[in-house]
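Read top to bottom, the protein sequences are chains V and X.
Going by our numbering, the letters in the first sequence line up with residues 811 to 977, in that order.
Going by our numbering, the letters in the second sequence line up with residues 9 to 456, in that order.
It is possible that some hints are incorrect.
What the hints assert, rightly or not - Partial selection, computed: residues in chain X whose CB lies under 10 Å from chain V:
| hint | residue |
| --- | --- |
| 1 | L78 |
| 2 | R87 |
| 3 | T97 |
Derived by calculation from the structure, the hints in this document are not laboratory data.
What you are looking at is a predicted structure, and each value in this text was computed from that prediction instead of being measured.
Quick reminder that beta carbons are idealized off the backbone N, C-alpha and C, glycines included.
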Amino acid sequence: MTPPTVLTPALADFVTSHLSIHIAASDDHGVATLVRGLGCRRDPATADRLRLLVAAPQAEPVLRALAANGRIAVVFSEPESHRTVQLKGHDAHRAERDPDDTALLSPYIDTLVVRLATVGTPEAFVRALLHCPAEALCIVRFTPDEVFGQTPGPQAEQRLAAGSALP
Amino acid sequence: MNPVLNLDTLRSCLEGILPAGLATCAPDGTPNVTYVSQLMYVDPEHVALSFQFFNKTRENILANPHATVLMMDPDTAARYRLSIRYLRTETAGPLFERMKATLAGIASHTGMAGVFRLRGADIYRVLAMETVPGRSLPPPVARAPLLPALRRSVDALSACRSLEHLIDTLTTCIERHFGIDHQMLLMADDAAQRLYIVASRGYASSGAGAEIPYGVGVIGVAAREQTPIRIIFPAAEYAYSRAIREQLEGGELADRLEASIPLPGLPEPSSQLAVPVRAGDRLMAVLYVESAQQCRFDYDMEDALVALCAMLGPCMCALQADSLEDDSPSPPHDHPVPDATAAPLRVHYFGRDGSVFLDDHYLIKGVAGSILRALLEDHLAQGRCEFSKCEMRLDPRLRLPEVVDNLDARLILLSRRLADRCAELRIEKAGRGRIRLVLARPVVLTAD
């Protein structure tokens, strides 16, 4: 029997709703590093995969670790509500960006400007933080195989059963 | 380590204004990423992270101490990666208390009051730091530099020749050179484990004599731990507002609350900073500043006021022992004799706690109360108006502690409290080492 997919429609909708994203990878010496993500969408070719946008110069140590072992952890947080989930996977790898990836960046930033304005972050700050020239944009593709609720509180980082309600 | 990129230059990233990211790695190689509520500057080589919950991050760093932080400058959006190594967790003491207070501000700022509870301050050594490439904003317009303000203040303090002049000069410097509108200076009464206000600026009432027990609020914690406590967001549980009074009134500290002299203070300060004033190991006082503006006092302001207080403490200690000379002329002694036809001022003294009431209104208690009673007793029995500090130090009725008597501070407190409460009775300087009792009405003294 095929294990239930971690990426349920509800979870996929949440993580692709233009949230604040941090991506971590660990090298083969047990040292983890991280970078800010610049967007997320479902992989059109494989429904249980996600495509993450990153700025290649910023993500260099993360991309190197991913190339070594494919292990990834990604946290998605809705700034105005603090609702947060972490996804993990073992098959992360760099992929070629396509025009749909590039087209995602601008609406992603526009939404983050609105979301972060609710917690008092100025627009110019958000645009500087998320700025990425199109030629520097690169894609990390992975299949989430674990999901953890990570909304702040004592229940944070508890594994969520496949298909369970989001925290 | 890059000589330019160091933690001292990145302290604004460590204010907790924006959350940082933290990546850790499990023993099996699985990464974990989370947001850090608080990343705090410890020294140029160490940071502290708040430990609030037992979670995967906690499990990971205990098994594998290497981690990476991604933090950003709250003004420019510049990003930095810190490679850090976990060393230890502190669950009490100055660093823990500083982090706890800061976290209270962050929790309230982020809508997390009631969720965040500090279990420990995790101390990490910073192994390396790098600038993450990317766009950033120009740095904000520099505010007036603090070093000239510090220098002018130190110069002014070093010229003071009496404790009272020192205190007044300090408050003027804080206001004028540092541009801080709301401040209090509280002297420490170590035996009683409390502080009492001797000077304040920026409030409707001076609050002279109002007391704060050690351990309560920003000021009390700064005194107990002898460490500066700074909060840059509103933090209800640390404000000297109704919440603290309720905490005192309802709790075991109830008997230590002196409700008779209301504490001055902003009802809901957005920034607070309390700096202990020490001479050697001894706590002399606490300087407290506050503001209605968020993020008003940054690390640099804390540094400047800590440096100022480091100079203030030994000055205070020296001048308490003996004023070098009276640097202000004593007023001429041409006071009118009290109007014998006026109704006498009823002064009642309670020996139990040294409290004094004037016409049934509370004035002061403790050593300051005992001083006033002794002065009035001698005045009524012997007709004296002038008293030397030397004889006061030897007077058993004053109940002065033997080692550190703080007589000068008590006299300043008493004279200010009288100035606040009673126009017909005051004490003033009468030349070096002497004070004068000035009465505009006859006095009747009773005691029990």
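Verification of the supplied hints:
{"no.": "1", "hint": "L78", "in the structure": "holds, 5 Å"}
{"no.": "2", "hint": "R87", "in the structure": "holds, 7 Å"}
{"no.": "3", "hint": "T97", "in the structure": "violated, 18 Å"}
Of the numbered hints stated above, the single one contradicted by the structure is hint 3.
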